[in-house]
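*Asks:* In case you want the letters, here they are:
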Amino acid sequence: MTEVLAERAYQAPATPEAIDELHTELDRIWEVASFVPELDQMAFTTAVIESASNIVQHGVAVAGGELRLGVTLTVMASVLQARISEIGAVPSPELPSASLPDDDQESGRGLALIEALMTTITVELRGETKTWVLSREIETPA
Amino acid sequence: MRFSTEQKDSYTEVSGTGRLNMVAAPKLREVVGEVVSAGNKRIVLNMLATEFIDSSGLGALIGCLKMARQAGGDLRIACVQPQVKMVLELTSMNRVLTPHATAEGAFSND
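Protein chains in written order, with my numbering: chain C, 1 to 142; chain Z, 143 to 252.
Any given hint could be a false lead.
Just a few of them, taken from the derived set where beta-carbon distance is under 10 Å, the chain C residues facing chain Z [unchecked claim]:
{"id": "1", "residue": "Glu31"}
{"id": "2", "residue": "Gln57"}
{"id": "3", "residue": "Asp104"}
{"id": "4", "residue": "Ser107"}
{"id": "5", "residue": "Leu111"}
{"id": "6", "residue": "Ala116"}
{"id": "7", "residue": "Glu128"}
Derived coverage of chain C by chain Z (criterion: at least 3 residues anywhere in the stretch with Cβ under 8 Å from a Cβ of chain Z; other residues may be distant) [what the hints assert, rightly or not]:
{"id": "8", "region": "6–20"}
{"id": "9", "region": "69–78"}
Listed below are several chain Z residues computed to face chain C (Cβ distance under 8 Å; list not exhaustive) [as the list claims (entries may be wrong)]:
{"id": "10", "residue": "Ser197"}
{"id": "11", "residue": "Gly247"}
{"id": "12", "residue": "Ser250"}
Keep in mind the hints are simulated off the structure, nothing from the lab. Here the structure is a predicted model, which is why all the values come from computation and not from measurement. Here a beta-carbon is modelled for each residue, glycine too, at the ideal position from N, C-alpha and C.
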C-alpha cells in the first residue's frame, strides 16, 4: 500500500510566481494519477497551495541568502503526501493559528483549511529548513 | 488569472477566469475597486471559470465585499465550481458569501 505510484518534485525561489508553477505541477501529477478521486485531488491541491503560499508570504530569508520553496508530491495507493520545505529561512518554530478568524477578517484561514483537508500534518525543523509534511488518506483506495 | 467586467441593467458583472490565488487576489481587489470607484455598487462576481480559490483569494473576496458594502451596495457570487464551494463551506464563509446559481439571479430577490 506504500508503493509510490507517482511522484513530482519542484524547487524555486519562494516568489508568488512559484505558486502558479507549483499548481501546474499538481495538475500534471493528476494526469498520471487519474485514479485518485476528484475530491481527494481537490483537497490535496488546495492544502499544498495553501501551505506553499504561507511560505511565500511569511518566510524570511537568512541574511544575504535566498528563500526557496521545495516541494515533493507523492501518490501512493491509499495516501497522498506532500513535503513542503521552506529552505534558507530564519528559523521560526511558531505555527500560525489553526482557528478560524471573524467573518470580516481578510486573512488567517490558511491553517484551518489545511487541517480540515489533511489526515495528518507534521512539521520538521532542521537548521534553516522547515518542512511541512501533509498526508491525506484516499477515501476509496484504488 | 484574467478578469472582465460587464455592465448589466441592474448590476455590474465581474468574471474571473483561472485560479484565484495569492497572485490573482490583488488583481481582483483592483478590478472591483475600480468598479466601485466608478459608482457601481451592485456587483456580481461570476465564478463559472474560476477553477480554484485559496485563503488569499477568499481574503480578496471579503475585501471586495467590504468595499461594495461601504459604498452602500453589495457583492454577490454566482456559478461557483466544486473546489470553490468546498473552500467556502470549510471556512464557513458560505454564510457571508452565499453562492447563487446564476449571475442574473444574484440580485433578483431584492
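*Asks:* Hint numbers the structure violates, sorted upward?
*Replies:* Of the numbered hints given earlier, those the structure breaks are 1, 7, 9, 11, 12, listed in rising order.
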